[in-house]
Amino acid sequence: MTDLSTSETKPETIPMHMTSGSAIIESSELGKGKTVRTPDKENRPVRVKARDVSVFYGPKQALFDVSIDIPAKAVTAFIGPSGCGKSTFLRCLNRMNDTIEGCRVTGQIELDGSDIHDRDLDVVELRARVGMVFQKPNPFPKSIFENVAYGPKIHGLARSKSELEGIVESSLRRASLWEEVKDRLHEPGTGLSGGQQQRLCIARAIAVSPEVILMDEPCSALDPIATAKIEELIDELKQNFTIVIVTHSMQQAARVSQRTAFFHLGNLVEEGPTDTIFTSPKEKRTQDYITGRFG
Amino acid sequence: MADHFAAVLNPPSDGSAERLARIRAGLKSRHAREWRFRAYGIAATAAAIAFVVILFAMIFAKGLPAFWQAKMDLDVFFDPAIVKVEPKPVQQEGQSAADYRKAVLDWERAVTLVNWNRVIEAAVRAKAPGFQIDTRQVLTVVETNERFVLRDMFVENPGLLGQTVPVRMLASANVDNWLKGTIDRSLPDAQQQLRDQARGLADQLYADGTIGMRFAWNIFVNVDSRSAPAAAGLAGAFVGSLYMMLVVILLSVPIGVMAAIYLEEFASKGRITDFIEVNINNLAAVPSIVFGVFGAAVFINWFHLPLSAPIVGGLVLTLMTLPTIIIATRASLRAVPPSLRAAALGLGASRTQMVFHHVLPVTFPGIMTATIIGVAHAIGETAPLLLIGMNAFVASVPATPFDQSAALPVQIYLWQGNENRNFFEARTSAAIIVLLALMLSLNAMAIYLRRRLERRM
Ligand SMILES: Nc1ncnc2c1ncn2[C@@H]1O[C@H](COP(=O)(O)OP(=O)(O)O)[C@@H](O)[C@H]1O
Ligand SMILES: [Mg+2]
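The listed protein sequences derive, respectively, from chains A and B. Residue numbers for the first sequence follow this note's numbering, beginning at 1 and rising by one. Residue numbers for the second sequence follow this note's numbering, beginning at 1001 and rising by one.
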């Protein structure tokens, strides 16, 4: 699985030009940096580093040599036409592809400098560190409290009942859901509205205090108002978490993300600061996509 | 986009009348087809319901009368002239327990040797004073086991000597037939089951209320009987079936559910799992009698488990039920949305935690229903039980699953073949009603539990 070795040690930053319309386009020069600069002009440490990741479903290759650096405490958006491999790549980051029969991943992915495919790293631990929010809200058919408490419970994060209750409350607060559900914590989570359910799923994910939260089109099943709430929430969450979001909406990517990666036919075509990608993409395919010529 | 909206908002005006006409022309045949299809559906449903109604009507029409049978209220005089026995021994001082037991047994033997039939005869004659009838004929009116009932009463309470007590006795099966009209009254005497005098006595006692149709508790509390058909009951078969059900539930549920979970959630899909799947499906289609042959060969010849025992029946029925439970459990596991599994795994739950915390709870109602339906099916099964000796005549209630026992479906089969046809026809249907009631209550339980569990979620 680890075909390539990573030998990056130089603490270089990636030079970027933030101003839109800038004539000089930054190239992220993968493999050189320890930090990535995002449009708020900060150099952020690299949290997740992927090198030459390819994914096969049976004999069919769905992802071709994807390499990318994902900065900490920022939102990275994956965009691209349907079927281009965004979800596939996202699932590599917490090894959810392991659960798919016949799926094979090659290449190297590091989380905070350690290989996630390492034998010493338990996949259960990895998923506690890299949480996931899915396209369709999928709360457990249990109470709201149980939904949020489940992660801390199985990972043994709470030593007492009151501590667990504390975790549940703070997670729901951070997911801006507390005010809406505090009086009905013991009612089923499936009884909430779609938007509330998705925020519950976010609360459930952050209850384990992951370092990275992966979101696969978290708003595609929601109405515009619920979508706006989730986007607001994502913006707040980036203070504490590294967020990777797959979205089919370019407006959403532009609104919430600091960096954007454009995928096409299983290739990572281009990635960089969001405004650069949207205003002056380097590749013609990116240009065509963001101007709506295909997809 | 814009063109499309325009087309919807401003339909082309020319030719629209012709278009409408075309749609209308087709409408009639479309409605006709719709109507025909509904008619087929209604006919099919009606046919199915008719079969069920006819089945139940036949069984109930035949079986219900058997729950009321001819019983006679007699005043039994424990005549000291007939019941000539010593007083029941009491333990003497210095007498060993063994000696005392022996003395009691000797006394009981003496009680058994008393001619209880004479006591019965006297009690019957007392109800019809002056009726001309021989002793032999009198005794054909009363079921033959009643003398043992009197003996047991006396052993229980020796103080009855010299007293007269009211006793409700079973009339014989032939009296029951005669009074219910299950035998043609116009047949000549030679073809009747009761002789002329006994028929007259039965009619007279029935007319004066000594004999009446009373609820037949004996069906539920007695075991099968050959010598006293009127006393034959289902207690042994019922308990035997319950034991088998217990064995089936205790074995097939854990084994079946674990196998299904393993195959569905843990085993990697491939040739081997496909092969196993095909074979489980085949097993579900194996005729039940084959399981009986297998059970006789393996459990009885090889493991030397007892013949006619509910444990063996239970094991055989478990084999038969397993594929049903595995298939149904796998189906309900497969129906669990993948998003639920993804949610659990995405949070870092292990596969086992995912299965036991999230998948099983939602499939539980399905598994439960499958189990109960499988078990209900199993306890109605007859063929395999015939091959492991459960068609033997067993006149006792099994104390453990290892004792010889009858079983409800086999009891039905045995009664159906009883030579006392006109009496046992009704009794067979009564046994069917009991078996059906057991199954329907199991199904009702399944529905109830399912509703409750579903509401809780
Ligand atoms: N479980 C799977 N089995 C086989 N092929 C898959 C599976 N999931 C995705 N694919 C294929 O991989 C490609 C990328 O899919 P996906 O990552 O879901 O795309 P996106 O999320 O960008 O729409 C598609 O061609 C899709 O058909
Ligand atoms: Mg996708």
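No lab work stands behind these hints: they were computed from the structure. All values derive from a computational prediction rather than experimental measurement. From the three backbone atoms N, C-alpha and C, an ideal C-beta is built for every residue, glycine too. A couple of the hints might just be wrong.
[Claimed, not checked] These stretches of chain B come out as covered by chain A in the derived footprint (C-beta under 8 Å, 3 or more residues):
#1 1334 to 1342
#2 1345 to 1357
[Claimed, not checked] Here are the computed distance ranges between Cβ atoms for each label pair:
#3 A:186 <-> B:1350: 40 to 50 Å
#4 B:1039 <-> A:101: 43 to 53 Å
#5 B:1338 <-> A:186: 25 to 35 Å
#6 B:1050 <-> A:183: 48 to 58 Å
#7 A:179 <-> B:1034: 50 to 60 Å
#8 B:1028 <-> A:292: 45 to 55 Å
#9 B:1051 <-> A:83: 46 to 56 Å
Range hint 50 to 60 Å (beta carbons of residue 179 of chain A and residue 1034 of chain B) holds or violated: Holds, since residue 179 of chain A and residue 1034 of chain B (Cβ atoms, about 52 Å apart) stay within the stated range.
Residue 1028 of chain B paired with residue 292 of chain A, Cβ distance criterion 45 to 55 Å: 47 Å, holds
Status of the given 46 to 56 Å range, CB of residue 83 of chain A versus CB of residue 1051 of chain B: The hinted range 46 to 56 Å holds for residue 1051 of chain B and residue 83 of chain A, with Cβ atoms some 52 Å apart.
Residue 183 of chain A and residue 1050 of chain B - C-beta distance against the hinted 48 to 58 Å: For residue 183 of chain A against residue 1050 of chain B, whose Cβ atoms are near 55 Å apart, the range 48 to 58 Å holds.
Supplied distance hint 43 to 53 Å, evaluated on CB atoms of residue 1039 of chain B and residue 101 of chain A: Holds, since residue 1039 of chain B and residue 101 of chain A (Cβ atoms, about 46 Å apart) stay within the stated range.
Outcome of range test on Cβ distance (residue 186 of chain A, residue 1350 of chain B; 40 to 50 Å): At roughly 26 Å between Cβ atoms, residue 1350 of chain B and residue 186 of chain A fall outside 40 to 50 Å, so the hint is violated.
Residue 1338 of chain B versus residue 186 of chain A beta-carbon gap, inside 25 to 35 Å or not: Since residue 1338 of chain B and residue 186 of chain A have Cβ atoms about 27 Å apart, the given range 25 to 35 Å holds.
Coverage assertion for the stretch 1334 to 1342 of chain B with respect to chain A, Cβ distance below 8 Å, three residues required: Contact hint for the stretch 1334 to 1342 of chain B vs chain A: holds, 5 residues under 8 Å.
Proximity test - 8 Å, beta-carbon atoms, the stretch 1345 to 1357 of chain B to chain A, at least three hits: holds (count 8)
Going down the numbered hints, you'll see the structure goes against just number 3.
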